[in-house]
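Here the protein sequences come in this chain order: A and B.
The opening residue of the first sequence carries number 1 in my numbering; numbering runs sequentially from there.
The opening residue of the second sequence carries number 1001 in my numbering; numbering runs sequentially from there.
These are calculated hints, taken from the structure and not from any lab test.
Predicted model only: the values in this text are computed from it and were never measured.
Just to be clear, a hint being listed does not mean it is correct.
[Stated by the list, open to error] In silico DSS-like pairs for lysine-lysine, Cα to Cα no more than 25 Å straight-line: (1) A/Lys-83 x B/Lys-1006; (2) A/Lys-190 x A/Lys-130; (3) B/Lys-1276 x A/Lys-44; (4) B/Lys-1171 x B/Lys-1053; (5) B/Lys-1096 x A/Lys-83; (6) A/Lys-57 x A/Lys-44; (7) A/Lys-196 x A/Lys-57; (8) B/Lys-1171 x B/Lys-1276; (9) A/Lys-83 x A/Lys-57; (10) B/Lys-1028 x A/Lys-130; (11) B/Lys-1195 x A/Lys-83; (12) A/Lys-83 x A/Lys-44; (13) A/Lys-44 x A/Lys-130; (14) A/Lys-66 x B/Lys-1006; (15) B/Lys-1028 x B/Lys-1096; (16) B/Lys-1024 x A/Lys-130; (17) A/Lys-57 x A/Lys-190; (18) A/Lys-190 x A/Lys-203; (19) B/Lys-1096 x B/Lys-1195; (20) A/Lys-44 x B/Lys-1096; (21) A/Lys-194 x A/Lys-130; (22) A/Lys-66 x A/Lys-44.
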Amino acid sequence: MQKDFKSDYAVSVHDLCKSFILSHGRPGTLKGLFMLLNKSGSEKVEALRNVRFNVAKGETLAITGKNGSGKSTLLGVLARVYKPTSGSISINGRLSTLLDLGAGFHPDLTGVENIYLNGAILGLSRRELKRCLDDIVDFAELHQFIDAPIRTYSNGMMMRLGFSIAIQTDPDIMLVDEVLAVGDEAFQQKCYAKVKEIQQKGKTIIFVSHDLEAVRRVATRAIWMEHGRIRMDGDVGNVLDAYISAYGSPGELSNAG
Amino acid sequence: MLNELKETIRYRELLVNLVVRDIKVRYKNSVMGFFWSLLNPLLQVAVITFAFKGIMRYNVPNYSAYLLCAFLPWTFFQMSVLDASSAVIYHANLVKKTYFPREILPISIVISNLIHFILALLVFFVYLLVLGTPILATWVLLPVVVCIQFLLNMGVAFFVASLNVFYEDIKYMATVLLNLLLFTLPIFYLIETVKGSSIPAAYRPLVLKLFYWNPLAYLITTYRKILLPPFNVAATSTAPAIHDIPLSYAYLGLAALTSLIIFIAGYAFFNSRKWKFAERL
């Protein structure tokens, strides 16, 4: 039984709920703790309520919604950053999160050293990294800078490197927060081509985005989140059309986001 | 807890990478990187030696070696705790975005401090050769004592690393407490000097017991006992006699047990909190 399930879905989410305790005061200090002992200042926020969906292998799923709709929380729970309050998630295959802007980079280390560090954070072994080191450097187009400390890099170079590491790591399931393509126009084209290649390999991509253009271009299916619930789940064209007619044109949306 | 341990072992590559990064960053920016980080305890010990030997007339031979022998493990403890207190916050970006066993952060901090401590010990042995103190059979106990201290440091590091995510003033409290500890532990003085001190005779056994029962105090004393020769100094007109108190394996065993308990408690505490980190940062 378990086996059948495995062959069907990459990700399966059952009745997922996640609530946070939000406190109005700042209990970030011991003083704050004592002041909050009466507990009047805290409030429970239900970020996800009974979210339920399956993602087939090879599917590219986009999660959209306004700020505060729960889409980032959903991605966080999928990435195992948050523990669900109730419900469960099954994941089949290796999952990796595309870190924005190389969140794990250290400025004093060289490009190569950062590739190893960031790769290890994504769960790759040194041997695997050694194998795809050249591909990462090639993709990022950073040959002559790869032995220089990251602090000498421009923002664009750093984004390219971070993106190249994540995209070359070859996970079964890729989680992407906001960024599917970075850098200038030419590099973005390369990113989209790479995403296409990953899709053709039958890998699963789940991404959260405000960028409706990117969603339409890449995703095969979309989930529209509202107030922690799934409002609509289906073909990307249908969901986006409904989304736009509910909230206005894409231009207004990107301003809001 | 066994599962947690397995998961950490599965992520050992990340642990190694973080330790390598810490060491590289520490020693990278200057050719004399290692030298600079040693200079601080060496200078302190030089000044303290001058104060105790020159001004307070302590007549223990090679007193600077006894000071350094306690000061290096103290630095190991202090830096492990201070660095660990900001370990999770420093990596907030990673903790909020990706999954990995959170305990890797404080563990990597204590391991890189351990490596630094071992390098410092090597320099210490060179210093012993220069002074010409005898080579002792008890030197072979050093790895055991270092391991016990590692457990103790790790346990305290787990507590401060997880608490500091929720209460940012833990870091400042730790700094204050460490400063107090520095003078209440037998670092600048020897446990033997309690006997001839101005502490009322009735309280002296109690003070000694506190040194025996406090794992950090006894570990620091153990480093002295196993690495340096015993000494007996006769009373002079300015200073009372100092009689050597030999190493007690019973108290060392007690220190090991306490360290182990602190380690397990710290690890359990950290694990109970670690899934709330991302929600708090």
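Hint check results:
1. This hinted pair checks out: A/Lys-83 and B/Lys-1006 have alpha carbons roughly 19 Å apart, not beyond 25 Å.
2. Taking the CA atoms of A/Lys-190 and A/Lys-130, the gap is near 23 Å; set against the 25 Å cutoff, the hint holds.
3. Distance hint between B/Lys-1276 and A/Lys-44 is fulfilled; the C-alpha atoms sit about 15 Å from each other, no more than 25 Å.
4. Between B/Lys-1171 and B/Lys-1053 the alpha-carbon distance is near 35 Å, which puts this suggested pair outside the 25 Å criterion.
5. In summary, the hint linking B/Lys-1096 to A/Lys-83 is supported, as the alpha carbons are separated by about 12 Å, within the 25 Å threshold.
6. For a cut-off of 25 Å, the pair hint linking A/Lys-57 to A/Lys-44 is broken: about 35 Å separates their Cα positions.
7. With a C-alpha separation of about 15 Å, the suggested pair A/Lys-196 and A/Lys-57 falls inside the 25 Å cut-off, and the hint holds.
8. Between B/Lys-1171 and B/Lys-1276 the alpha-carbon distance is near 19 Å, which keeps this suggested pair within the 25 Å criterion.
9. For the given pair, A/Lys-83 sits about 24 Å from A/Lys-57 by alpha-carbon distance, which is consistent with the 25 Å threshold.
10. Distance restraint check for B/Lys-1028 and A/Lys-130: the Cα-Cα separation of roughly 23 Å lies within the 25 Å cut-off, and the hinted pair is therefore satisfied.
11. With a CA separation close to 56 Å, the supplied pair B/Lys-1195 and A/Lys-83 exceeds the 25 Å bound.
12. Among the hinted pairs, A/Lys-83 with A/Lys-44 is consistent with the structure: their alpha-carbon atoms are about 16 Å apart, no more than 25 Å.
13. Between A/Lys-44 and A/Lys-130, the direct Cα distance comes to roughly 46 Å. Violation of the 25 Å bound is thereby established for this hinted pair.
14. Between the alpha carbons of A/Lys-66 and B/Lys-1006 the distance comes to roughly 39 Å, so the proposed pair goes past 25 Å and is violated.
15. The hinted pair formed by B/Lys-1028 and B/Lys-1096 fails the criterion: a straight-line CA distance of about 28 Å is larger than 25 Å.
16. Restraint check: the Cα-Cα separation between B/Lys-1024 and A/Lys-130 comes to about 20 Å, which is no more than 25 Å; the hinted pair holds.
17. Note on A/Lys-57 and A/Lys-190: the hinted pairing holds, with a Cα-Cα distance of about 24 Å set against a maximum of 25 Å.
18. Between A/Lys-190 and A/Lys-203 the CA atoms are separated by roughly 18 Å; this keeps the pair inside 25 Å, and the hint holds.
19. For the hint pairing B/Lys-1096 with B/Lys-1195, the CA-to-CA distance comes to about 54 Å; that exceeds 25 Å, so the pair is violated.
20. Restraint check: the Cα-Cα separation between A/Lys-44 and B/Lys-1096 comes to about 20 Å, which is no more than 25 Å; the hinted pair holds.
21. Simply put, A/Lys-194 and A/Lys-130 have alpha-carbon atoms about 20 Å apart, close enough for the 25 Å limit, and the pair holds.
22. Between the alpha carbons of A/Lys-66 and A/Lys-44 the distance comes to roughly 20 Å, so the proposed pair stays at or under 25 Å and holds.
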